[in-house]
Amino acid sequence: MKNLKRSIPLLVIAGLLSTGTARAADLWLHVSVDEDEGATVRVNLPLNLVDKALAMVPEEHLHDGRIVLDDVEWSVAELRDLWREVMDGPDMTFVTVEDRDENVRVWKENGYLRVKAREGLDESTVDVRVPGAVVDALLSGDGEQLNVSAALAALAAHGEGELVTVNDDQDRVRIWVDGTAEMR
Amino acid sequence: MMTRWQKGLTIAAASLTVLVLGWAVLIGSVYAMSGVISIRFHDRQNGLDVYVPLPATVVEGLVSGGVRVAGDGLDEFQAEVAEWAPTVRELLEVLDDAPDATFVEVRDGRDHVLVAKRRGAIEVTVDTDEVLVEVSAPVHMVRRTVQRVL
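So the sequence lines, in the order shown, correspond to chains A and B.
Using the working numbering, read the first sequence as starting at 1 and increasing by one per residue.
Using the working numbering, read the second sequence as starting at 1 and increasing by one per residue.
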């Protein structure tokens, strides 16, 4: 559960990064968070607004940043090398973790990077479905730099779709892109 | 038949009415054409309730005047924010072009935060146990003002 909760900000950022400019003016990024205690967060932003807003994020958060996944620290360069290997390969499962409390699968399928995780007896789940082109674009920068603008453009070119769904015993998070300003 | 005095009073009253109506029409037109910036602050603890509606053109005029008299202070400010100025301008351009929508809404118990665009105005509401703050400003006016300042 703690892992799932720790993952939520990362997943939200992944959703934000998974967004561009080709059809950016027509597409909206939606983030919906519902907590069991009643708190709700609703975000509806035009993709081109997300693009401009991300340009205001202090550089240290996007450049020379290291990404921590499941307590393992990865450099952007390492992720880039890993991703090239993934892209060159066929559709396949890269990571499978199965134990009594946790079940994680990371795989490539029809041009999408998929992550499914289930944790605990309460069947908390994380489902991530990021277009491969978006990850490609995100990792297309130099050195330790994430190319956020390119990732946004790739997502806009990709169009509508679900990106992230998290369900656990306390929170429900959904991140998606569609052509409407209000949530459906 | 009206006496001379009655005629004079009638003409004076009619002139006054035309003058008052003219000003009302003029002020109403300014409000309608430029939009209104409104700020409401309600302190629930001590009952203080302040509501300030201002025609956007008046605020723009005040900012323009401020820009003219600011001199070196404005130059320093512009130098400090130069890195962000193009992004802020682009952001406001996109916001101006965006349709009306609720951008961010957070509800947590009694607390409610809302950022939305309604009828071309950006609206921010913060509603908690302690305070209610409502700010509304036409996006096109904010855009023009920021362009002038940055």
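Because the hints were derived from the structure by calculation, they are not lab data.
These figures come from a predicted structure and were not determined experimentally.
By construction, the Cβ of each residue, glycine as well, lies at the ideal position given by its N, Cα and C atoms.
Be careful, since some hints might not be right.
[Said to hold, decoys possible] Away from chain B, derived, C-beta distances all over 12 Å, residues of chain A:
{"id": "1", "residue": "Pro46"}
{"id": "2", "residue": "Asp51"}
{"id": "3", "residue": "Lys52"}
{"id": "4", "residue": "Met56"}
{"id": "5", "residue": "Glu85"}
{"id": "6", "residue": "Ala181"}
{"id": "7", "residue": "Glu182"}
[Unchecked claim] For lysine to any residue, the following SDA-like pairs were computed, each having C-alpha atoms within a straight-line distance of at most 25 Å:
{"id": "8", "chain 1": "A", "residue 1": "Lys116", "chain 2": "A", "residue 2": "Gly143"}
{"id": "9", "chain 1": "B", "residue 1": "Lys117", "chain 2": "A", "residue 2": "Met56"}
{"id": "10", "chain 1": "B", "residue 1": "Lys117", "chain 2": "A", "residue 2": "Ala117"}
{"id": "11", "chain 1": "A", "residue 1": "Lys116", "chain 2": "A", "residue 2": "Val97"}
{"id": "12", "chain 1": "B", "residue 1": "Lys117", "chain 2": "B", "residue 2": "Val63"}
{"id": "13", "chain 1": "B", "residue 1": "Lys117", "chain 2": "A", "residue 2": "Arg174"}
{"id": "14", "chain 1": "B", "residue 1": "Lys117", "chain 2": "A", "residue 2": "Val97"}
{"id": "15", "chain 1": "B", "residue 1": "Lys7", "chain 2": "A", "residue 2": "Glu160"}
{"id": "16", "chain 1": "B", "residue 1": "Lys117", "chain 2": "A", "residue 2": "Gly120"}
{"id": "17", "chain 1": "B", "residue 1": "Lys7", "chain 2": "A", "residue 2": "Met183"}
{"id": "18", "chain 1": "B", "residue 1": "Lys117", "chain 2": "A", "residue 2": "Arg100"}
{"id": "19", "chain 1": "B", "residue 1": "Lys117", "chain 2": "B", "residue 2": "Glu105"}
{"id": "20", "chain 1": "B", "residue 1": "Lys117", "chain 2": "A", "residue 2": "Arg42"}
{"id": "21", "chain 1": "B", "residue 1": "Lys117", "chain 2": "A", "residue 2": "Met183"}
{"id": "22", "chain 1": "B", "residue 1": "Lys117", "chain 2": "A", "residue 2": "Glu182"}
{"id": "23", "chain 1": "B", "residue 1": "Lys7", "chain 2": "A", "residue 2": "Gly179"}
{"id": "24", "chain 1": "B", "residue 1": "Lys7", "chain 2": "A", "residue 2": "Ala55"}
{"id": "25", "chain 1": "B", "residue 1": "Lys117", "chain 2": "A", "residue 2": "Thr180"}
{"id": "26", "chain 1": "B", "residue 1": "Lys117", "chain 2": "A", "residue 2": "Ala53"}
{"id": "27", "chain 1": "B", "residue 1": "Lys117", "chain 2": "A", "residue 2": "Val33"}
{"id": "28", "chain 1": "A", "residue 1": "Lys116", "chain 2": "A", "residue 2": "Asn103"}
{"id": "29", "chain 1": "B", "residue 1": "Lys117", "chain 2": "A", "residue 2": "Phe94"}
{"id": "30", "chain 1": "B", "residue 1": "Lys117", "chain 2": "A", "residue 2": "Lys116"}
{"id": "31", "chain 1": "B", "residue 1": "Lys7", "chain 2": "A", "residue 2": "Val41"}
{"id": "32", "chain 1": "B", "residue 1": "Lys117", "chain 2": "A", "residue 2": "Asp178"}
{"id": "33", "chain 1": "B", "residue 1": "Lys117", "chain 2": "A", "residue 2": "Asp101"}
{"id": "34", "chain 1": "B", "residue 1": "Lys117", "chain 2": "A", "residue 2": "Asn103"}
{"id": "35", "chain 1": "A", "residue 1": "Lys116", "chain 2": "A", "residue 2": "Ala53"}
{"id": "36", "chain 1": "B", "residue 1": "Lys7", "chain 2": "A", "residue 2": "Arg174"}
{"id": "37", "chain 1": "B", "residue 1": "Lys117", "chain 2": "B", "residue 2": "Glu80"}
{"id": "38", "chain 1": "B", "residue 1": "Lys117", "chain 2": "A", "residue 2": "His30"}
- Task: Go through the numbered hints given earlier and state which of them the structure violates, listing their numbers in rising order.
- Result: 1, 2, 3, 4, 6, 7, 8, 10, 14, 15, 16, 17, 18, 23, 24, 29, 30, 31, 33, 34, 35, 36 and 37
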